[in-house]
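A.B. asks: Just so you know, the protein sequences line up as chains V and H, in that order.
Counted from 1, the first sequence has number 104 at position 104 by the numbering used here; the numbering is strictly sequential.
Counted from 1, the second sequence has number 90 at position 90 by the numbering used here; the numbering is strictly sequential.
Any given hint could be a false lead.
What the hints assert, rightly or not - Straight-line distance between alpha carbons at most 25 Å, and here's what the computed DMTMM-like set of lysine to aspartate or glutamate pairs gives:
no., chain 1, residue 1, chain 2, residue 2
1, H, K93, H, D52
2, H, K54, H, E95
3, H, K47, V, E68
4, H, K54, V, E68
5, H, K120, H, D151
6, H, K120, H, E166
7, H, K49, V, E68
8, H, K93, H, D168
9, H, K93, H, D57
Claimed, not checked - If you want the ones that stay clear, here's a sample from chain V, every Cβ over 12 Å from chain H, calculated:
no., residue
10, T78
11, D79
12, Y85
13, I122
14, S130
15, R131
16, A143
17, E150
As the list claims (entries may be wrong) - Label-pair ranges, simulated between beta-carbon atoms:
no., chain 1, residue 1, chain 2, residue 2, range
18, H, T163, V, L115, 48 to 58 Å
19, V, L14, H, P129, 52 to 62 Å
20, H, A91, V, G91, 33 to 43 Å
21, H, Q38, V, N58, 23 to 33 Å
22, V, Q71, H, F12, 48 to 58 Å
23, H, Q80, V, N58, 21 to 31 Å
No lab work stands behind these hints, which were simulated from the structure alone.
Each residue gets a CB set at the ideal place from its N, CA and C atoms; glycine is no exception.
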Amino acid sequence: MKRARWWPWAALALVVIVTVVALIVRSRPSTSAAARADRLEQQLACPVCEGQSVADSNSFEARSIRTEIPQFIAQGQTDAQIRAYYVARYGDRILLSPSNTGLGVIAWGLPALVLVLGGAGIVIALRRWSRTPRLTATADDEAIVASAREASHED
Amino acid sequence: MRVRARFIAIAFGLVLVAFGVVLAVQHRTEPSVPRLVQQHDPAPSFKVKTLDGKVIDSASLRGKTYVVNFFNSWCIPCRQEAPALAAFYNAHKGEHDFAMIGIVHDDDPSAARAYAAQEKIAWPVGLDPNGAAALGFGTTGQPETYVIAPDGVAVCGTLGPSTQTELDTWLQAARNGQACV
Numbered sequence: 001m002k003r004a005r006w007w008p009w010a011a012l013a014l015v016v017i018v019t020v021v022a023l024i025v026r027s028r029p030s031t032s033a034a035a036r037a038d039r040l041e042q043q044l045a046c047p048v049c050e051g052q053s054v055a056d057s058n059s060f061e062a063r064s065i066r067t068e069i070p071q072f073i074a075q076g077q078t079d080a081q082i083r084a085y086y087v088a089r090y091g092d093r094i095l096l097s098p099s100n101t102g103l104g105v106i107a108w109g110l111p112a113l114v115l116v117l118g119g120a121g122i123v124i125a126l127r128r129w130s131r132t133p134r135l136t137a138t139a140d141d142e143a144i145v146a147s148a149r150e151a152s153h154e155d
Numbered sequence: 001m002r003v004r005a006r007f008i009a010i011a012f013g014l015v016l017v018a019f020g021v022v023l024a025v026q027h028r029t030e031p032s033v034p035r036l037v038q039q040h041d042p043a044p045s046f047k048v049k050t051l052d053g054k055v056i057d058s059a060s061l062r063g064k065t066y067v068v069n070f071f072n073s074w075c076i077p078c079r080q081e082a083p084a085l086a087a088f089y090n091a092h093k094g095e096h097d098f099a100m101i102g103i104v105h106d107d108d109p110s111a112a113r114a115y116a117a118q119e120k121i122a123w124p125v126g127l128d129p130n131g132a133a134a135l136g137f138g139t140t141g142q143p144e145t146y147v148i149a150p151d152g153v154a155v156c157g158t159l160g161p162s163t164q165t166e167l168d169t170w171l172q173a174a175r176n177g178q179a180c181v
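Next comes chain H alone, as it looks inside the complex (with noise of 0.2 Å):
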């Protein structure tokens, strides 16, 4: 009878040890690379009008190197990384196989056309009001940055802010061909 105790007593903690593995196998952390750019899936299409009315389709950015930021006027990591996003911009907007959208994400359209005066945000910006964009790259957020290859797969990207080097070193590797995880 104690034999059979002991046994139903092992028997119980060793499915305690495997409750615990499975808990411990689970357990996430926060990634800070998004999963499109880790599965290395295609970028979805989307279709936004920007500020200025005009209509970005992404089949037109097709065999560019194109950059794509999910951002909106009162997220303080974004105002942070708006610098870095210009700076980047800038050195490299002359170049023919390069563009940049800036898509707002949760926002007030005339709040989003503020900060974008504000922040002289000079690359187009479109507005997402029915989030389809933003569910198409599978947005948790904002800021968040998408780097296309010209073959259309998201190669490099980060959840939360970025910085020029960052955006720099993710080009370069776009237009090789490589991926950043």
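Bound-form chain V, shown alone (with noise of 0.2 Å):
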């Protein structure tokens, strides 16, 4: 009876623990020339349009972008020395995402912000619900209960 009790709750962990190790393993980034080439013109804005990646526009400069990045790579250049060399060329302006420095900062950091102030606000909230007492029936109340039933079956 007893094992009857565990094994669901078993079989959910293991579920559970095997979806979470797949998703790490294959959320982990490719570390191919080509995939790596992919990740930079999606990380990388085009330098003479609005709102496009390098990956998406077929400007002169994101087209010029998309043959240099991958003879970078070859050199055995980091993503990062190839992102380095666009932003010392563009400005952090090329950069999709925004930097984790300077104003780039509030960016990161204001989600994260709002979360943990909503989550202690959810949680504030929960804890004053729980303290807030229950009203129980006195014998009168019961009383009164009982005879509005007593009444209503007469009738």
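Fit chain to chain and form the complex, with the hints in mind.
C.D. replies: This is the structure we're talking about:
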């Protein structure tokens, strides 16, 4: 009987663990040159367009960057070095995700701050609600209910 | 309860104001001076093949004050700028420490060749089919002009068409070891 009680939970735990491990393994970025080039093209903004990545744009500069990135990778440069090269030429605006310095900190930090404050708000609200005394019926209340029931049966 | 609601409203308002300030600070106006020049960065090295088949290596220009002009055949401001460039080049081409090179930006070589003939461009014109030179300079279009001092630093330049007066001023500044910005 005891066995029947725990085995569904064990099965559920197993499924969760397998799923999490599979997600972690699958989400690990590929380190192949082509995958790195694709990722960098997605991360860099086209320097002469508005709101388009290097991967999406057909401008001369974007096409040139797409030609250049595989060459840099073949030379052994890291993704950070390649990003830094383009930032030196075009500034931070070439990065589609905000930098983690200066004003970019606000873009990264604000959602986390909102999440923390929201979570804290929910916790405080739940604690407050749990402290609200539950209404319990007094003997008089129960007597009123009982007499009302009797009255309804007599009808 | 009313006090708390007021406090939340004020806090929310402050957050909105902070957002507004951040957006205002981040608002960009289009610069007219290339980033390379603004930062007083060394000009990138480049190697381009000219329309007549020669190879120009930027290393061979070291020690000279030289002008790099990015242009193409279909750009109207480039066409408007061409007489000023020609007059400037003709005034300085005999000076031993002076060089000028045009680099074709985003154009077909045959169209660039026809344009150079039509505008009677006398200075060397290099082709940059893969955009390596353009990316090195951090171009964002054409025309763009850079004046490089003898020590290799990009000291003056503009995004957009330049005038002969500007080019003369920049050349003088570069020779005197001065920056324009």
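A.B. asks: All hints are to be evaluated individually against the structure, with a verdict given for each.
C.D. replies: These are the hints, each one checked on the structure:
1. Among the hinted pairs, K93 of chain H with D52 of chain H is consistent with the structure: their alpha-carbon atoms are about 19 Å apart, no more than 25 Å.
2. Between K54 of chain H and E95 of chain H, the direct Cα distance comes to roughly 21 Å. Compliance with the 25 Å bound is thereby established for this hinted pair.
3. Distance restraint check for K47 of chain H and E68 of chain V: the Cα-Cα separation of roughly 15 Å lies within the 25 Å cut-off, and the hinted pair is therefore satisfied.
4. A threshold of 25 Å between alpha carbons decides the hint, and for K54 of chain H with E68 of chain V the separation of about 23 Å falls inside it, so the pair holds.
5. Under the criterion of a C-alpha separation no larger than 25 Å, the hint pairing K120 of chain H with D151 of chain H is inconsistent with the structure, at around 31 Å.
6. For a cut-off of 25 Å, the pair hint linking K120 of chain H to E166 of chain H stands: about 21 Å separates their Cα positions.
7. Straight-line distance between C-alpha atoms of K49 of chain H and E68 of chain V comes to about 18 Å, which keeps the hinted pair within the 25 Å bound.
8. For a cut-off of 25 Å, the pair hint linking K93 of chain H to D168 of chain H stands: about 12 Å separates their Cα positions.
9. The hinted pair formed by K93 of chain H and D57 of chain H meets the criterion: a straight-line CA distance of about 19 Å does not exceed 25 Å.
10. At roughly 19 Å, the least C-beta separation between T78 of chain V and chain H is larger than 12 Å, which holds for a residue marked as non-interface.
11. Listed as a non-interface residue, D79 of chain V keeps its Cβ farther than 12 Å from every Cβ of chain H; the least gap is roughly 17 Å.
12. Look at Y85 of chain V: its CB is around 9 Å from the nearest CB on chain H, not clear of 12 Å, so calling it non-interface is violated.
13. Against chain H, the non-interface label of I122 of chain V holds: every CB pair exceeds 12 Å, the least being about 15 Å.
14. Residue placement check: S130 of chain V keeps its beta carbon more than 12 Å from all beta carbons of chain H (closest about 20 Å).
15. With a least beta-carbon separation of about 17 Å from chain H, R131 of chain V lies farther than 12 Å from that chain, consistent with its non-interface assignment.
16. In this structure A143 of chain V is separated from chain H by more than 12 Å, as the shortest Cβ-Cβ distance comes to about 37 Å.
17. Every beta carbon of chain H lies more than 12 Å from that of E150 of chain V, the smallest distance being close to 43 Å; the non-interface claim holds.
18. Checked against the given bound of 48 to 58 Å, the beta carbons of T163 of chain H and L115 of chain V, roughly 55 Å apart, stay inside it.
19. Judged by the Cβ atoms, the range 52 to 62 Å given for L14 of chain V and P129 of chain H holds: they are separated by roughly 58 Å.
20. A hinted range of 33 to 43 Å holds for the C-beta pair A91 of chain H and G91 of chain V, which are about 35 Å apart.
21. A hinted range of 23 to 33 Å holds for the C-beta pair Q38 of chain H and N58 of chain V, which are about 28 Å apart.
22. The given range of 48 to 58 Å is respected by Q71 of chain V and F12 of chain H, whose C-beta atoms sit roughly 50 Å from each other.
23. At about 26 Å, the CB distance of Q80 of chain H to N58 of chain V agrees with the hint of 21 to 31 Å.
Of the hints listed earlier, those the structure fails to meet are numbers 5 and 12, in rising order.
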